[in-house]
Amino acid sequence: MSSAPDRPGIVTPTKGRPYMNPYLAGIGLGLVLLAAFVLMGRGLGASGAFSSTASWVIDSAAPAHAAANEYYQGYIGDGSSHPLKAWLVFEVIGVAAGALLSGLLAGRVGFAVEKGPRAPTALRLACAFAGGGIMAFGAHLARGCTSGQALTGGALLNVGSWAFMIMVFVGGYAAAWFMRWQWR
Amino acid sequence: MAMSAPFYKYGMFGDEMSLVLAFVIGIGFGFFLERAGFGNARKLAAQFYLYDMSVFKVMFTAIVTALLGVTYLGWIGFLDLSQVYLVPTHLGPQLLGGLVLGIGFVVGGYCPGTSVAALATGRFDALVYAFGIFAGTILYAEVFPRIKGLVNADAMGQVTLPEVLNVPWGMLVFAVVLIAVCGFAAATWIEGRTGTGR
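Read top to bottom, the protein sequences are chains A and B.
Under the numbering used here, the first residue of the first sequence is numbered 1, with each subsequent residue one higher.
Under the numbering used here, the first residue of the second sequence is numbered 1001, with each subsequent residue one higher.
Derived from the structure by calculation, the hints contain no laboratory data.
Hints are not guaranteed to be accurate.
Straight-line C-alpha distance at most 20 angstroms; calculated EDC-like pairs for lysine to aspartate or glutamate [claimed, not checked]:
no., chain 1, residue 1, chain 2, residue 2
1, A, K85, A, D59
2, B, K1148, A, E70
3, A, K85, B, D1015
Could you put together the complete structure from these sequences and hints?
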């Protein structure tokens, strides 16, 4: 099950130890997800933490503007609790800590810009910014991202999650040809 | 066995403890994302060029693991699945959202969760990507009042595939496992035939 020599395309880290076998990492991820179901009655997520943070920033910088907007209000609430005191915000801080721990243990932590050999760094960064923006729109339309919808809802046989997941792959493969300069 | 999970929903601990658990669960989530190589945009993007199908393999292994887990814990009467939160289905917006998100994945190289794993391990492109998410979120918030009708269209409520397709839960679990196993074999076969992708 390891990266056999007949599959030379398997991506390896630029420095540090090779990545974990995908099936073992998948089992680990699945058990973490199962623990969230059993302990909390909810799954994993990520984009919601960005929504809470963005709403808090707008509320701090322009409170009148945030108060007039239904979206921000949904995350700010009635003021009885801090907008960042949200389950997904704490979970995502944990994600950063867990990833750093794993990266340090494997010697993979270091400043880098990940891109294909032909992509200019400035263009790669412009695409990263644009991609994040596109992703934010998609995640909001779908009521969740790859973690909150595909992974969590996938394991619960949620109808919308499976529809979403199939379309993520369709969208990715449809756009891949136009982006090959960035990755290949 | 008396139903006792989800523990939070059964009142075993309060909100403060749930935030501590959020952090601990997040550590596990981030740890395995980085282990899998998902803190690296090259690894994630490779899925869409077919030479490294780790995204599919990790995701479907995780889905099958958690699905078998909830199914078993439900069958022995330990986990009350009706108390596990399901995101409501809005078919149209979710199909469109998936398509848009898939495009953003290839353009940006990450999804929100993996970008956090990547920026925590020093990837500058992931930091820029995260700022892109903030920009997109604020832009979305500004147009939200005008597109609210679209986002809330097709409301089907909290529904599962076994309910909609009218097949037993166990049958669908079996189908997902079968699809995953065949998919893993196909993915490995494809990886052996796409070279380095260059």
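Here's how the hints hold up against the structure:
1. K85(A) <-> D59(A): holds (15 angstroms)
2. K1148(B) <-> E70(A): holds (10 angstroms)
3. K85(A) <-> D1015(B): holds (10 angstroms)
Violated hints are absent here; each numbered hint is respected by the structure.
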